[in-house]
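Based on the provided sequences and hints, a complete structural model is requested.
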Amino acid sequence: MKVILIDSGTTNSRLRLYDRKTSQILDSEKVQVGVRDTAISGNNHHLKAQLSEGIARLLTKNHLTPVDIGYMAASGMITSNLGIYEIPHVPSPAGMKDIAKYSKVIKLKEFFDIPCIFIPGMKNSVKHASPNDVFARINDFDVMRGEEVESFGLMKQFNVTGKGMMVLPGSHTKFVAVDDQKDLQYCLSTLGGETLHALQKETILSSSLEQSLVESIDKEMLELGFEAAKKYGLTRTFYHIRLFHLFANLDANQRANYFAGAVIYNDLQALFQSIEEIDEIKWFIVGGSDPLRKVFTHLLRFVSKEWEIFEADDSQVEYSVVLGAEEIISRCSELNSLID
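The sequence shown begins at 316 in this note's numbering and counts up one residue at a time.
One or more hints might be untrue.
Claimed, not checked - Lysine to aspartate or glutamate pairs mimicking DMTMM-like chemistry, simulated, CA-CA at most 20 Å apart:
no. : residue 1 : residue 2
1   : Lys317    : Glu368
2   : Lys471    : Asp457
3   : Lys412    : Asp494
4   : Lys471    : Glu642
5   : Lys478    : Glu633
6   : Lys416    : Glu642
7   : Lys478    : Glu623
8   : Lys442    : Asp457
9   : Lys478    : Asp448
10  : Lys471    : Asp352
11  : Lys478    : Glu626
12  : Lys609    : Glu623
13  : Lys609    : Glu530
14  : Lys412    : Asp498
15  : Lys336    : Glu642
16  : Lys412    : Asp628
17  : Lys345    : Glu368
18  : Lys442    : Asp428
19  : Lys609    : Glu517
20  : Lys438    : Asp413
21  : Lys376    : Glu425
22  : Lys363    : Asp455
23  : Lys419    : Glu642
24  : Lys363    : Glu425
25  : Lys471    : Glu633
26  : Lys412    : Asp352
27  : Lys438    : Asp428
28  : Lys422    : Glu401
29  : Lys597    : Asp629
30  : Lys376    : Asp334
31  : Lys609    : Glu595
Bear in mind the hints are in silico, worked out from the structure with no lab data behind them.
Quantities reported herein were computed from a predicted structural model and do not represent experimental measurements.
Have a look at this one:
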């Protein structure tokens, strides 16, 4: 059976054609559309249209028709209020059965009436939270859509035991805590990726950093930036990039590594300050895209030699959405008829 997986974010969406018989991704389509388009236009018509065209291209390229597709699965921001079919976040802690329980099967004409399973995201459960104490408890709140699928898919590919942490860098860095039953306990988000790109594009640092930022990993410069943010603070360390350009014999890649090290210091500080029982963490799995994947992997090892750090490769990241969705779908009795 062939299926299509939709992973839709804020600015882009990825469609993957997957063969369940061979367990292979046959093809993929990147569509430059996301829920930002809905926020700008005030409706989801463009999002639906662009995804429909992407599905049509995927079918045409592979000489398939809609009847050749057993089902589709959609995760990420597509299930938000700005997406196509809104499903409320599942409260933490959440296992695959919990996510499956609230997944919904919908047929849309824009999706050629192929049954589409919309998979919800997760939100942190904050006990006894009320409007009166939201300021005191604000750091306990968090949400995610899509990363829950990616987390389950990555864990399926790594033999980990005990409590651990998923690290999923991108536009937003997502940390996802996992218990020894591989259920998701809570998530924590930062604007790490967006901070890197916004400062590179919209500040005086633009002249000191290349458009692509980190071209290759420079371990020494990553560590120096990390330590500088700890010692001098983040905004002063940012200005170091300008000073390096004026007074030091460093190339753009070295400056970018220093810059990334400083931002990741703050991301990891946010994580460590939020972990109540950090000594119980046995492993980290780092997913997401390069070069941030390699940056996080190195700096986690720099911080502590006690944790087991697993860095996913490109193939494992690519398959994480597919495998995670398959794991969730297989646990939903309502949907089993679609995958028999």
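Original post:
Does Asp352 lie within 20 Å of Lys471 when you go C-alpha to C-alpha?
Top reply: violated, 33 Å
Subject >> Lys412 paired with Asp498 [C-alpha distance capped at 20 Å] >> reply: holds, 10 Å
Original post:
Is Lys376 close enough to Glu425, meaning Cα to Cα at most 20 Å?
Top reply: Holds, at roughly 18 Å.
Subject >> Holds or violated: Lys478 to Asp448, with C-alpha atoms at most 20 Å apart >> reply: violated, 30 Å
Original post:
Is Lys363 close enough to Asp455, meaning Cα to Cα at most 20 Å?
Top reply: violated, 34 Å
Subject >> Restraint status (C-alpha distance of Lys478 to Glu626 at most 20 Å) >> reply: Holds, at roughly 17 Å.
Original post:
Under the criterion that the straight-line Cα-Cα distance not exceed 20 Å, is the pair Lys412, Asp628 satisfied?
Top reply: Violated, at about 27 Å.
**OP:** Below or equal to 20 Å on CA atoms is what counts here, so check Lys336 against Glu642.
**Re:** Cα-Cα ~15 Å, so holds.
Original post:
Is the straight-line distance between the alpha-carbon of Lys442 and that of Asp428 20 Å or less?
Top reply: Violated, at roughly 41 Å.
Original post:
Between Lys478 and Glu623, is the straight-line Cα distance small enough, at 20 Å or below?
Top reply: It holds: about 11 Å lies between the C-alpha atoms, which stays within 20 Å.
Original post:
Is the straight-line distance between the alpha-carbon of Lys609 and that of Glu517 20 Å or less?
Top reply: violated, 25 Å
Original post:
Given the proposed pairing of Lys609 with Glu623, does the C-alpha separation stay at or below 20 Å?
Top reply: The given pair, whose Cα atoms are some 15 Å apart, holds under the 20 Å limit.
When held up to the earlier numbered hints, the structure conflicts with 2, 5, 9, 10, 16, 18, 19, 22, 26, 27, 29, 31 and fits the remainder.
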